[in-house]
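*Asks:* Taking the hints into account, I'd like the entire structure generated from these sequences.
In the order they appear, the protein sequences are chains W and L. 207 is the number of the first residue of the first sequence in our numbering; add one for each residue after it. 207 is the number of the first residue of the second sequence in our numbering; add one for each residue after it.
In case anyone wonders, no lab produced these hints; they're calculated from the structure. As the structure is a prediction and not an experimental result, all values here were calculated from the model. Check before you lean on any hint, since a few could be wrong.
[Claimed, not checked] Here are the computed lysine to any residue pairs in the SDA-like style, where the Cα-Cα straight-line distance is at most 25 Å:
hint : chain 1 : residue 1 : chain 2 : residue 2
1    : L       : Lys473    : L       : Glu455
2    : L       : Lys628    : W       : Gly389
3    : W       : Lys632    : L       : Lys628
4    : W       : Lys248    : W       : Arg355
[What the hints assert, rightly or not] Sample of chain L residues at the chain W side, in silico, Cβ under 10 Å:
hint : residue
5    : Lys386
6    : Met453
7    : Tyr553
For glycine and all other residues, C-beta sits at the position ideal for the given N, C-alpha and C.
Read off the chains here:
2 protein chains.
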Amino acid sequence: MEPNLSYVFNAKSVAIIGASRNPGKIGYATLENFVKGGFRGKLYAVNPSAESILNVKCYPSLSSIKEKVELAVITIPGEFVPQAIEECGKKGVKACVIISAGFSEVGNVQLTKKLQAAMDKYPHMPCIGPNCLGVMDVKTGIDTLFLPRYRLMRPKKGKISFISQSGALGSAILDWAGSKEYGIAKFVSYGNAMNTDEADLLEFFAEDKETDVICVYLEGVRHGEKFFRIAKKVSEKKPVIVIKGGMSEAGSKATASHTGSLAGSAKVFDAVIKQTGLIRADSMREVFDYARVLSSEPIPKGNRAQIITNGGGYGVLTADAMEGSSLKLAEMSMENRKPIINASPSYAVIKNPMDLTGDADNNRFMVAVENAMKDENVDSIILILLFQVPTLDSDIIESMSALLAKRKKPVLVVSAGGEFAKMHMKLLEKEGIQTFEEPIDAAQALHALTYYHHENKK
Amino acid sequence: MEPNLSYVFNAKSVAIIGASRNPGKIGYATLENFVKGGFRGKLYAVNPSAESILNVKCYPSLSSIKEKVELAVITIPGEFVPQAIEECGKKGVKACVIISAGFSEVGNVQLTKKLQAAMDKYPHMPCIGPNCLGVMDVKTGIDTLFLPRYRLMRPKKGKISFISQSGALGSAILDWAGSKEYGIAKFVSYGNAMNTDEADLLEFFAEDKETDVICVYLEGVRHGEKFFRIAKKVSEKKPVIVIKGGMSEAGSKATASHTGSLAGSAKVFDAVIKQTGLIRADSMREVFDYARVLSSEPIPKGNRAQIITNGGGYGVLTADAMEGSSLKLAEMSMENRKPIINASPSYAVIKNPMDLTGDADNNRFMVAVENAMKDENVDSIILILLFQVPTLDSDIIESMSALLAKRKKPVLVVSAGGEFAKMHMKLLEKEGIQTFEEPIDAAQALHALTYYHHENKK
Chain W
207 MEPNLSYVFN AKSVAIIGAS RNPGKIGYAT LENFVKGGFR GKLYAVNPSA
257 ESILNVKCYP SLSSIKEKVE LAVITIPGEF VPQAIEECGK KGVKACVIIS
307 AGFSEVGNVQ LTKKLQAAMD KYPHMPCIGP NCLGVMDVKT GIDTLFLPRY
357 RLMRPKKGKI SFISQSGALG SAILDWAGSK EYGIAKFVSY GNAMNTDEAD
407 LLEFFAEDKE TDVICVYLEG VRHGEKFFRI AKKVSEKKPV IVIKGGMSEA
457 GSKATASHTG SLAGSAKVFD AVIKQTGLIR ADSMREVFDY ARVLSSEPIP
507 KGNRAQIITN GGGYGVLTAD AMEGSSLKLA EMSMENRKPI INASPSYAVI
557 KNPMDLTGDA DNNRFMVAVE NAMKDENVDS IILILLFQVP TLDSDIIESM
607 SALLAKRKKP VLVVSAGGEF AKMHMKLLEK EGIQTFEEPI DAAQALHALT
657 YYHHENKK
Chain L
207 MEPNLSYVFN AKSVAIIGAS RNPGKIGYAT LENFVKGGFR GKLYAVNPSA
257 ESILNVKCYP SLSSIKEKVE LAVITIPGEF VPQAIEECGK KGVKACVIIS
307 AGFSEVGNVQ LTKKLQAAMD KYPHMPCIGP NCLGVMDVKT GIDTLFLPRY
357 RLMRPKKGKI SFISQSGALG SAILDWAGSK EYGIAKFVSY GNAMNTDEAD
407 LLEFFAEDKE TDVICVYLEG VRHGEKFFRI AKKVSEKKPV IVIKGGMSEA
457 GSKATASHTG SLAGSAKVFD AVIKQTGLIR ADSMREVFDY ARVLSSEPIP
507 KGNRAQIITN GGGYGVLTAD AMEGSSLKLA EMSMENRKPI INASPSYAVI
557 KNPMDLTGDA DNNRFMVAVE NAMKDENVDS IILILLFQVP TLDSDIIESM
607 SALLAKRKKP VLVVSAGGEF AKMHMKLLEK EGIQTFEEPI DAAQALHALT
657 YYHHENKK
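*Replies:* Below, the structure written as structure tokens:
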């Protein structure tokens, strides 16, 4: 029997070992997030010196809980953790999340050994951590992140799961995703990875029905060969986007102090990326741009992209951004270009990029997108809508949304500007259309989508 | 006598030739933006069939205006423009902005020749355009952009001027800058550049006291040798940030249809960039990140940057982002590290990146920044503040602002997250501290600043 990570996210009964009455403590914040965060399972607080905290009954010890406990969240001081793991194992707890710190990350070799020994006695009980933020599952309400909701916005439910070796980075990103209204399925900060590492988590997410795309912040890899084998297998099933810390010499030295990882050289990791089919990103913006497109857009049949714009400069910059990527410019048939030419003035450029020019109205855009959508030489579309000109009416949102709802190829929208432009982009986003502020962002995201489904699988 | 571009931005009397009563027309929108936009000079409307428009008295012709007119804004149909230029020349108008289209961009060679002949008769009267949005000066209220304010937010006053060959791109960027609260001095969209080109504008902005940093969107260059010579001279005086359309083969072909420019090869332009000291940017985000840092931060004495963070992963990514740039990691003296070590727990890493760790409070940050600011081995600082953790108190904004107000070296702040983090960043921005969402953004902006003041001038 393999250890079953699903209890980490789907446990129906949870005990907080180290629940605290003191609102300044991690053991309070953790309990509070379960109470306030919509967890609907049974919740137990373990604290020998309290009756109840936040209306949750307290137990003096784990063993004094009569009922079954599927997940234990451990927030007690590090020195008591090995014993707590023993107790969990004896009680038949299915999985643990160890928030507590004070192990290898501070050089405490002896305590680390003791914890390892305790874990090894119960090989079927997976443990996340220690020294981590733990996990969050938007669907089940399991939320061990001991950070208050006013500081860390919880994102809405979605299909993207995020694995972060770094806790602080993970929490900032989750908060950021929350404010951007990007949907998240599951989040894990796995800290020292003594028992469950990035490869185990990848393997779990590969089978997870709630997860369509996996994002990873990685500094080092615990077991090179295992990671390689699993990453390759998982990549074939679902897109895995990786942002890697320690790609530079200076950054690599810093990872050694940060998570104790050996980052390895950039060259080696780039080779791993290529051979396993992982998708590399260089910023968090890229991670989520790729993830939202990969989790929501139709699969392109090939790499031929059509650019449609009412701003020539933006068309030019989009074409520039495609160079060196997996994309190439589509060549639409004369049959499908004809109706667009007929709907446009003579100075419009009905090629690729297709510049409908600054006086393009809704009809010109609709005719252009409709014909590009049905053209067999077009695999994907980048549509640039500049709302600064009055000829582009707000009504286009409704008609374009209706047209794009039927799309069988990816259509990514670029719109730059201030409040007026942003309002329209939000309306499109609500209809499930992915929007971007800059040509380069859309081109890179469309590249990631195309790369994953084509080049990557070759 | 050289043509004097300053009348384009500083005219005390303006005539709108082609002012219209019809709110759908460019001639109406243009007049409206002068009326509503705070222009305090004399305003004349030229329209033979109206008494007054928007409470501005109409004249049947330019010559029927008895008073002096310094700037003429021309919005009549293209075919009448050559004659209007003649009239402007005869009346002694100091400068013209020709919004009207219908010339070389639609292949009308004859009309273009006629206009050129008219312009050539009055060589001391500079003309912007035709086929452009024209100009905006935040200080004087001169604003020929015929786009309504609800669609195109006008930015606040600042020290950055923007030259755009593309009108639609320029307007989207201006709108975007407005919503980001980036300050702008002057804006020009110069269209067909028949009489005044990018080099002339660069030369003018080099002397303009309201402009500290010049940003340019360029597709092609009208006169290669002239551009090279002027760009080199201007770069020595002020930073010039360039985003270049048509750097790829496909993009280059598109510029030919868009602005009729020959974009030239990326290699050639990269060489021009290097030899003239221009600063290259690849996205609008980069353009403005570089511009705001170059227009507001102290000049770094050298290239040694110190990273200070409460999130190890962000420190690692910042160090990574510096690789291949003009920056290197500073090495603080033991004397200045000592007080930070004393104020921090043993697991904090007081090196570079300096990881104050997730439980860093305000005091730990203050001690760290204070000592880095006075360390002679540190030329600049990237400060990462992750507000997801409760130990980082909101009070830090006030004390950090007070400390940074005294800075003599650049300090760039990174903070990622949702509403809580953003609120704090806005407070810092109000104190004149530049903030960034991602390590890579801050590292690139600090690189641009360091590159301009050091490598560039070698």
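*Asks:* Taking the hints in turn, state whether each one holds.
*Replies:* Against the structure, the hints come out as follows:
Taking the CA atoms of Lys473/L and Glu455/L, the gap is about 11 Å. The hint holds against a cut of 25 Å. The suggested pairing of Lys628/L with Gly389/W holds, with an alpha-carbon distance near 20 Å, which does not exceed 25 Å. Taken as a hint, the Lys632/W and Lys628/L pair is honoured in the structure, with Cα atoms around 19 Å apart against an allowance of 25 Å. Distance check on the hinted pair: Lys248/W and Arg355/W sit about 22 Å apart at the alpha-carbon level, within 25 Å; holds.
Because the smallest distance between the Cβ of Lys386/L and any Cβ of chain W comes to about 8 Å, under 10 Å, the interface hint for this residue holds. Nearest Cβ of chain W to the Cβ of Met453/L: about 5 Å, under the 10 Å cut. The hint holds. Look at Tyr553/L: its Cβ gets to within about 5 Å of chain W, closer than 10 Å, so that hint holds up.
Of the hints listed earlier, there is not a single one the structure fails to meet.
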